[in-house]
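Participant: Residues per chain are reported as follows:
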Amino acid sequence: MIMETRSSVPINNEWDIVQARQLGRQISREMGFGHVDQARITTAISELARNIYLYANNGEITIEPIVNLGKKGLKITSRDKGPGIKDIRLVMQDGYTTSGGLGAGLPGVKRLMDIFKIDSTLEKGTNIVAIKWLR
Amino acid sequence: MPKVVIKYIKDKRKEINEAWMRKMAEELPEFPNYRAPNQNLSNANDNFVDVIYTYLLNIENTDDVRDFIKKIMKLEVPINYLSIGLQVFRRVVMEVIKRSEKDPENLLELYEHTDRVVEPIFNQLIKDTTETWERTISIQKSELLELSAPLIPILDRISVMPLVGTIDTERAKLIMENLLQGVIDHHAEVVLIDITGVPVVDTMVAHHIIQASEAVRLVGSKCILVGIRPEIAQTIVNLGIELDQFPTKSSLQRGIEEALKITERKVITITEGNGKQ
Amino acid sequence: MISIQIELDDHTAIQFQEDLLEKIHETGAKGVVIDLSTVDIIDSYIAKILGDVVKMSDLLGAKVVLTGIRPAVAIILTDLGIRLNNISTALDLEKGLAKLKQDLGG
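Residue numbers (our numbering), protein chains in the order written: chain A, 126 to 260; chain B, 2 to 278; chain C, 1283 to 1388.
No lab work stands behind these hints, which were simulated from the structure alone. Treat each hint with caution, since some may be false.
With a cut-off of at most 30 Å between alpha-carbon atoms, the simulated DSS-like pairs for lysine-lysine come out as follows [what the hints assert, rightly or not]: (1) K142/B x K200/A; (2) K1330/C x K1305/C; (3) K197/A x K142/B; (4) K11/B x K24/B; (5) K235/A x K1305/C.
Okay, chain A solo, but in the shape it has when bound (with noise of 0.2 Å):
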């Protein structure tokens, strides 16, 4: 894979949510993402940014176009060094929540990307890598 430029937001507030959203929404506008997929990468951002602040506080999302094989893509990576999950496999039900919402965040997300990987320890933290390629 070739790294092209990157950028990150810090999330630490809800102000930050639409920060990194934002940065989202031009950075796949300009890579020439239909006017969907714009929208699908940045909700998928916006509910990473949100799992950050709700469960961890802080954590970093970053934003990465990339090359691979040919074929260009978006990379979201969330970072966070708060409690970890404990059941993965059950935060990617439909419907499970700890936090009374909808339960759609990590599930809606994979849906939204192509790819999505997610990697997580006990107290050390999260980290998630979530791709999608520009047809």
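With the hints as your guide, set chains B and C onto chain A.
Facilitator: For chains B and C alone, kept in the frame of chain A given last:
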């Protein structure tokens, strides 16, 4: 040096050519029959080795190989003919070398050089043919997508989307986008999705249709699924797919009647004498 | 009957919820049209708030119709698996009001 190999190939051209023809007849015994109806193909056999020679004489110029591949693809020669042809050429050249070169050390080196001579041709062949295929496939794919899913306004506030062909995930996404944008553009209060032309409705297709109708409801319109053939009704029930949240009708005509009812209208016959209503 | 056009952002969403309920209470409105045509994304959080607003308004005796949901927003809500099942929708403000009138019995 590959030059030595090239010299062998040049000097023994006649021998190599004949051995190659003979071996090809063994490798592809069906080929002579295949060749029979088309006179040009016997030339194709000659040309193949000729082009290899032309290529070897002007090593810079790969256009000949490309032209040759184009020509031979027009003759509808199977690609494995080209691939086997090249392999056989290499083997024949090695045999010719073996017959004249007795020093095993030299022989080994010459074998290696033969590989190095044949490899670029082989690579060019693979590259050109796959590029041609990929281009063809991507053109067909985008054409298919364009043909995909028009939303047709048929009456004030009523539109129809006829779906034809297999629905995969990528098409489903496009259908969804066209459908919703069309609903907005045409102010369609009711959309009829006609699946008469969809050959198979499996769980995935049903899922896409259900999603589309949910999205249509969110933008403030209503979906009716029409054109359900008996065998599709059977699969839907057998697969346990729940379609009960949105109305279905057997035919487009029944769907239009329903759509008129929803928009509080109906079709009336104006008979003479009775005047208009 | 009241109609509102909003720009939903996270920090305004909760505020919007409070303001709307207050307004329903004050005016005794029986129907509300919320126009979302300027909202360019709805994530699961905002969807939850919208769903809650509808339920809460219902408790206060006001029926809510959502209008102007953009195609991209609708696609993403279905991608997310968010149904908003018991919420009425309409294409635009005019049709939303018509729907409310119909639902409220004229």
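Participant: Determine for every hint whether it applies to the structure shown.
Facilitator: Now the hints, each set against the structure:
Restraint check for K142/B and K200/A: satisfied, since their Cα atoms lie roughly 26 Å apart, inside the 30 Å limit. The straight-line distance between the Cα atoms of K1330/C and K1305/C is roughly 20 Å, inside the 30 Å bound, and the hint therefore holds. Proposed proximity of K197/A and K142/B is supported: the alpha carbons are some 19 Å apart, at most 30 Å. For the given pair, K11/B sits about 19 Å from K24/B by alpha-carbon distance, which is consistent with the 30 Å threshold.
Pair hint K235/A plus K1305/C does not hold up; C-alpha atoms about 38 Å apart against a cutoff of 30 Å.
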